[in-house]
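Novice: Now for the letters of each chain:
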Amino acid sequence: MHAVLVVLIVSLLVFLLMRLLPGDPILMYVASGDLQSFSEEQVEHLRHELGMDKPLLLQYFDWLINAVQGDLGKSILHRYDVLEEIGNRLPITLYIGLLAFAIGCIIGPLLGVISAVRRGKWLDNLVTVIANVGITAPPFWVGIILIYLFSLYLGLLPVYGYTSPLENLGRNLQQSIMPIFVLATFPIASAARQTRSSVIEVMRQDYVRTAWAKGLSERVIIIRHVLKNALIPVITLQGMLLRNIIGGSVIVETVFVIPGMGKLVVDGMLAQDYTVVQGVVMVVALTVVISNLVVDILYGWLDPRIQYE
Amino acid sequence: MPEEALPPINELRRFVRVMLSRAVVVFGVIVILATIIAAISAPIIAPYDPDDQILDHVLEQPNSKHLLGSDSLGRDTLSRIIFGTRITLVVGVGTVLIAASLGTVIGLIAGYFGGWIFTIIMRFTDGIMAIPPLLLALVIAALLGTGVKGVMIAVSFALLPGYIRLICGQVLSVKENEYVMAAHSVGVSHLGIMFRHILPNCFSPLIVQMTMMMGLAILIEASLSFLGLGIKPPSAAWGSMVYDGYKYLVMRPILSLAPGLAIMLVVFAFNMIGDGLRDALDPRLRGTL
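Residue numbers (this note's numbering), protein chains in the order written: chain A, 1422 to 1730; chain B, 5 to 293.
A couple of the hints might just be wrong.
As the list claims (entries may be wrong) - Keeping only pairs whose Cα atoms sit at most 25 Å apart, straight-line, the calculated SDA-like set for lysine to any residue is: (1) A:1495 <-> B:251; (2) A:1475 <-> A:1696; (3) B:251 <-> A:1678; (4) A:1649 <-> A:1531; (5) B:251 <-> A:1580; (6) B:236 <-> A:1531; (7) B:153 <-> A:1569; (8) A:1542 <-> B:22; (9) B:251 <-> A:1567; (10) B:251 <-> A:1688; (11) A:1495 <-> B:148; (12) B:236 <-> A:1678; (13) B:251 <-> A:1475; (14) B:236 <-> A:1440; (15) A:1649 <-> A:1717.
Treat the hints as calculated values from the structure; they're not laboratory data.
Isolated chain A (complex conformation) (with noise of 0.2 Å):
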């Protein structure tokens, strides 16, 4: 009920920031065809074709009631179904985001581990100052430099491209390990700062003491006692990689030219195609919506304390 409230006053936002701030898409679009002998009276009979001389309130549940439906409408500026883009796109951002997530959840979390285990020597410091780079560095830069020094200087990779994975699986990994890891360095230091610190929290509880003292031995201590409550907060954090994560195909998408959901919002952006922008709004707001109804299930599961109603 909550995620579904949620969706619903992401939508009414997105309508309100989309039609409140300034900038007339019907007068781009005549203007960026060849349409510029358009007469007055042409401009408001296309404004009333595409529902747009409409009161606001109108319009907008028009438009929800529209997509509720799956019909997402049309882009302005080039006519083609929006949900129909979205769901050719959808799959190509997902792909590199997933693997990207996949990799930043199993590799940030080790190395916090290993480092909160280690603690104060030399490899904690390598694990530590990595993360802070990992943090810190924008990701375009980190980008750039991967073709630099992949693509143009070694000449190993592709400097750029997407190919689809059921065409040429090769030839798509070859394309995908910079973006995919672009978008995982992120995720990996992060995870791996929130675990170093919760995994150092957790050890300094008293059943950690009682489980050193019953002389367990560490990988038994680290793994059974340990890990599973210094995983919670960063289970909280993960949740929240997936947004940023989905939010960074933009970066890379662009770097990389990748024609995904980044690349498509981008470009109806700079062409300010209300529709196009709505719809990937919408699509991206679910996806975060219902991966944080699986982080939720998943706290329940790791802390039985939790419960919900």
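Got chain A sorted already, so can you dock chain B onto it with the hints?
Specialist: Frame of chain A, contents of chain B only:
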């Protein structure tokens, strides 16, 4: 608690000692101080005018005249980086101040009054949070038009929900304290309780969050500028410098590398100061450090 008996001057000393006990934090402080000095004295220390197009010095390699080379229009990279500190600091600090003050007021109201006010505010906050901050800033910046003002509004809005959540959470726990009830019983007004008794107890986490968010704000601004939806050329913004340099990556990688490194250094410095502040302000760590 031995600390309570100590005079206040030692509390300040303890704060400074803990804060500066780690070398990286000192490094962060130095970098930010240097950035501030560079921003203020940019016209004096920059070797060239950042917008000066010296057309027979186009795309130069780093040399004694142009320490970091020059771009495709013959502008000196080092001078543009030095002038870029201004936009970076104004956007980084300004947006955080805007977002933090607005977020504090909204969060205070939501947490203090509770009930349906809390529900409405927090649902809207959840709604904004469902959109990735970068995407949200992108949409707003695109609609407001490019320029410092548009970017600042966009970034502030993207940061806002974080502060509302933080303050609201703090208020919910602080308002259960007995001194709040005592203030009520002697007839202190709602405003008085909110700002005199509750708000000061939210300051520590707020300050830490603000420092950390300056890094994020700078990153978002740089990303917007990189995508061409932020601060437009000819203004020297680091993000758009990286983008401009990207086109000449084969010939002059330094054009992208140098401004990117500058972004990273400043973001890193703000994060480290935030870390240091957290160690120094966290009451749970008091006595252990």
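Novice: Straight-line Cα separation of residue 236 of chain B and residue 1531 of chain A no greater than 25 Å?
Specialist: Cα-Cα ~41 Å, so violated.
Novice: Could you grab the alpha-carbon distance between residue 1495 of chain A and residue 148 of chain B and see if it respects the 25 Å cut-off?
Specialist: With Cα atoms ~23 Å apart, residue 1495 of chain A and residue 148 of chain B stay inside 25 Å; holds.
Novice: Going straight from one Cα to the other, do residue 251 of chain B and residue 1567 of chain A come out at no more than 25 Å?
Specialist: holds, 15 Å
Novice: Against the 25 Å threshold, does the CA-CA distance of residue 251 of chain B and residue 1688 of chain A hold or violate the hint?
Specialist: At roughly 19 Å apart (the allowed maximum being 25 Å), residue 1688 of chain A and residue 251 of chain B satisfy the hint.
Novice: Check whether the Cα positions of residue 251 of chain B and residue 1678 of chain A lie no farther apart than 25 Å.
Specialist: holds, 14 Å
Novice: Can the restraint linking residue 1649 of chain A and residue 1717 of chain A be considered satisfied, given a maximum Cα separation of 25 Å?
Specialist: holds, 15 Å
Novice: Under the criterion that the straight-line Cα-Cα distance not exceed 25 Å, is the pair residue 1475 of chain A, residue 1696 of chain A satisfied?
Specialist: Between residue 1475 of chain A and residue 1696 of chain A the Cα gap is close to 16 Å, so the pair holds against 25 Å.
Novice: Does residue 251 of chain B pair with residue 1580 of chain A here, judged by a C-alpha cut-off of 25 Å?
Specialist: holds, 13 Å
Novice: Do the alpha carbons of residue 1649 of chain A and residue 1531 of chain A lie within 25 Å of each other, as the hint requires?
Specialist: Holds: residue 1649 of chain A and residue 1531 of chain A sit about 13 Å apart, inside 25 Å.
Novice: Are the Cα atoms of residue 1495 of chain A and residue 251 of chain B separated by 25 Å or less?
Specialist: violated, 33 Å
Novice: Assess, step by step, whether the Cα of residue 236 of chain B is no farther than 25 Å from the Cα of residue 1440 of chain A, and give holds or violated.
Specialist: OK: residue 236 of chain B and residue 1440 of chain A at ~24 Å, within 25 Å.
Novice: Measure nothing beyond the straight line between the CA atoms of residue 251 of chain B and residue 1475 of chain A; if it is 25 Å or shorter, mark the hint as holding.
Specialist: violated, 45 Å
Checked against the numbered hints above, the structure breaks hints 1, 6, 7, 13 and satisfies the rest.
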